[in-house]
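Trainee: Single-letter residue listing:
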Amino acid sequence: MNHLLNITKKELRELLTPSSVASVLVVVVLFAALGSMMSGQTESAMAPQKLLVVNNDSDDWAVSQIESVYGATYPDADLSEYITVVDGPLAGQDLVDRMVEVGAGSAIVIGEGFYSNVTSHRTGEMYATYIYSSGGLFGNLSSAIAGSIISSLNLALMTDQGWTEPAIDTGASATYINGDFASGVTPTEIDSAVSSQNMMVPLIIMIVIVMIGSIVISSMGNEKENKTLETLLTMPVKRTTIVTGKLLAAGITGLVFGAAYMVGMMMYTNGIMSGTVSGVNLADIGLTIDAFDWVLILIQMFLAILAALGICMIMGAFAKNYKSAQTLTLPISVLAMIPMFVIMFMGWNGLPLVLQAVLFIIPFTHPMMVMTNLMFGDMTLVYAGIAYLAVFTVAVILATVRLYKSDILITGISQNPYVVRMKAAFSGKKNAE
Amino acid sequence: MTDALTVADVRKVYGDREAVRGISFSVREGEIFGLIGPNGAGKSTTLRMISTLLRISSGTITVCGYDVATESDSVRSVISYLPEDAGAYKDLTGRQYLRFMAGFFADGEELEAMVDRAIGFADLGDRIDSKVDTYSKGMMRRLLIARAMMPSPKLAILDEVTSGLDVVNAYEIREIIRDIARHGVTVLLSSHNMSEVELLCERVAMIDGGRIVQMGTPEELKRRFDAPNLEEVFIRAVREAEGLV
Ligand SMILES: Nc1ncnc2c1ncn2[C@@H]1O[C@H](COP(=O)(O)OP(=O)(O)O)[C@@H](O)[C@H]1O
Ligand SMILES: [Mg+2]
Chain A
702 MNHLLNITKK
712 ELRELLTPSS
722 VASVLVVVVL
732 FAALGSMMSG
742 QTESAMAPQK
752 LLVVNNDSDD
762 WAVSQIESVY
772 GATYPDADLS
782 EYITVVDGPL
792 AGQDLVDRMV
802 EVGAGSAIVI
812 GEGFYSNVTS
822 HRTGEMYATY
832 IYSSGGLFGN
842 LSSAIAGSII
852 SSLNLALMTD
862 QGWTEPAIDT
872 GASATYINGD
882 FASGVTPTEI
892 DSAVSSQNMM
902 VPLIIMIVIV
912 MIGSIVISSM
922 GNEKENKTLE
932 TLLTMPVKRT
942 TIVTGKLLAA
952 GITGLVFGAA
962 YMVGMMMYTN
972 GIMSGTVSGV
982 NLADIGLTID
992 AFDWVLILIQ
1002 MFLAILAALG
1012 ICMIMGAFAK
1022 NYKSAQTLTL
1032 PISVLAMIPM
1042 FVIMFMGWNG
1052 LPLVLQAVLF
1062 IIPFTHPMMV
1072 MTNLMFGDMT
1082 LVYAGIAYLA
1092 VFTVAVILAT
1102 VRLYKSDILI
1112 TGISQNPYVV
1122 RMKAAFSGKK
1132 NAE
Chain B
200 MTDALTVADV
210 RKVYGDREAV
220 RGISFSVREG
230 EIFGLIGPNG
240 AGKSTTLRMI
250 STLLRISSGT
260 ITVCGYDVAT
270 ESDSVRSVIS
280 YLPEDAGAYK
290 DLTGRQYLRF
300 MAGFFADGEE
310 LEAMVDRAIG
320 FADLGDRIDS
330 KVDTYSKGMM
340 RRLLIARAMM
350 PSPKLAILDE
360 VTSGLDVVNA
370 YEIREIIRDI
380 ARHGVTVLLS
390 SHNMSEVELL
400 CERVAMIDGG
410 RIVQMGTPEE
420 LKRRFDAPNL
430 EEVFIRAVRE
440 AEGLV
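Respectively, the protein sequence lines represent chains A and B. In terms of this note's numbering, the first sequence is residues 702 to 1134. In terms of this note's numbering, the second sequence is residues 200 to 444.
If you're looking for bench data, these hints aren't it; they were derived computationally from the structure. Since the model is a prediction, treat every value here as computed from it, not as a measurement. Incorrect hints may appear among the rest.
Stated by the list, open to error - Quick look at which bits of chain A chain B covers, simulated, 3 or more residues with Cβ under 8 angstroms: (1) 920–932; (2) 937–947; (3) 1104–1111.
Claimed, not checked - Straight-line C-alpha distance at most 25 angstroms; calculated SDA-like pairs for lysine to any residue: (4) A:K928 with B:Y370; (5) A:K1021 with A:S1107; (6) B:K289 with A:T929; (7) B:K289 with A:T942; (8) B:K330 with A:I943; (9) B:K330 with A:N1022; (10) A:K1021 with B:S243; (11) A:K1024 with A:T709; (12) B:K353 with B:S243.
We treat Cβ as the ideally placed atom computed from N, Cα and C, and that holds for glycine.
When you get a sec, could you build the whole thing from the sequences and use the hints?
Mentor: Encoded structure:
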């Protein structure tokens, strides 16, 4: 038993190093923060939302029906604050302008003669107009209110009058997206179509970065362990050539993996859904990726992969051997997972500015959201991303080359004057107490 | 230029620890020179500075007339360094490893000739086409020394090249080193095995605690201390050096 304890203690000391514990803590804190942010997001989606009601009917009956359904949905809400009623006619761009003005994501338009129609066994016209806002899985939940009010009104009328056919004609419902109206589509449907395509991109990029990151770091660990790096560094070649060669090989590997996943993903979306997910054909509503867009996507992916590789080669320089290299892959994985989760679940738009700034700084964010941004024409973000990635990547590669020219690669970090000074300061304090 | 290597008052500081404390020696062309001393004496550190891997804290090193600090590219083109406990790329066969390394020095027919010569040196038979991670320690060392000799360097720097080998393998490696030197390659090697160095080296420098305590031919040193072997010389030299401090 004593021997068991002895062995277990020794193994634990090796496995639970300060760095491994710290990295796990980082992940825990990260998930906790993400969780609270996401619950905030869903909460705000469930909170009462502003609604614009356009009344083209001479009677106010429909308006009061809408108000009572709204009031039943949100018993605590002050209706005068959330519902704005205007008299029609109001349609098209004017309607959208008015919605923006009152801050409503959705509007209900009551057709002419609605009351007299539904009370005399004719269908009445009432439809919803939505403004689409791109933003992750929960971005458009709030606008669903208009649709659900209309359908519960319809249900009530049908039961009331004993109809089997719908009492309300909602045929003119539409979503305003990218400056156009997509008829018969709700934002939630667009979201699910967009996200089933675009959720894959962050995931693939995360996987590729983690994979090539660990390949590079382990290969560095191996080179250290076998002293092949020392041998290589005494060959009559420029250090820049060695760094470039390693980066290029890993970069190509990354692109091959990435491309393979991409093809798989396209076959998945095209094959199973033939481009139509949840009844919405994205191309029909102007959400397309053309050849030039693909070039931009590839540029972003390649730059992000190079940046990841540079970071990994710097991390790998501190690996003593194959084993210690493994723990070093964690920081890069975390760095790739943060933007993945945020982009997947919340999207970029509507994030607090601080979070947007943090995400912007993480290079892997950009290729994760580039597809969505291209679809919705957020070109500023796309080009700013490319510019930032380019600067970041060049800086990281220069740092890598510098590192390869210094002797930290051979001596390890503990000999770095800065680290030595920190250690000295640390032990100095201990001695003083 | 008769000195293949000169080391002048060289120091190396790791953080706050001085590993090499002002070492000076020179190695003549075609000579086999040995750095001997116990573990931690500073042998590897010295060899790594000569091989351009470590920055020199102070002092100068010149290899075939090139300054190690300022002309490291030229230095790298005339040296061959074999690290202590080195290995090769696990996924490659011995032949593939030699071909990869030869690629830094030649191409085409010249490369093939270089690889063939190295395969002869390594003398691994048909195991040259096995993956290197199946090699024994002795086989690996022969492959690596063949790699080091392959480009016909002016100066070969071999760190603990026979340590951990059985007597037969160690003997064969020493034979290879003598053969190399006969072909005009200058050899600088380190070892903590004094009797081996006595057999192999024309001149030796004994280092301890980052300083050279004695230098000369094995015969000179034995005469100077009236000792039967270099081990005794080393013990007495260290005592003498400590007595002086
Ligand atoms: N990377 C390093 N960081 C800190 N100290 C080192 C490092 N490498 C070697 N040393 C120290 O320098 C001294 C000389 O080491 P080394 O040159 O490897 O000796 P030798 O090769 O003679 O056994 C030793 O005290 C060793 O602990
Ligand atoms: Mg050593």
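Trainee: Hint by hint, say whether it matches the structure.
Mentor: These are the hints, each one checked on the structure:
1. 920–932: Check passed, 7 qualifying residues.
2. 937–947: holds (count 3)
3. 1104–1111: Contact hint for the region 1104–1111 of chain A vs chain B: holds, 3 residues under 8 angstroms.
4. A:K928 with B:Y370: With a Cα-Cα distance of about 24 angstroms, the restraint between K928 (chain A) and Y370 (chain B) holds, given a limit of 25 angstroms.
5. A:K1021 with A:S1107: OK: K1021 (chain A) and S1107 (chain A) at ~16 angstroms, within 25 angstroms.
6. B:K289 with A:T929: 10 angstroms, holds
7. B:K289 with A:T942: 22 angstroms, holds
8. B:K330 with A:I943: It holds: about 24 angstroms lies between the C-alpha atoms, which stays within 25 angstroms.
9. B:K330 with A:N1022: Measuring from Cα to Cα gives roughly 21 angstroms; hence the hint holds.
10. A:K1021 with B:S243: OK: K1021 (chain A) and S243 (chain B) at ~17 angstroms, within 25 angstroms.
11. A:K1024 with A:T709: 19 angstroms, holds
12. B:K353 with B:S243: Answer holds: K353 (chain B) to S243 (chain B) is near 20 angstroms, not above 25 angstroms.
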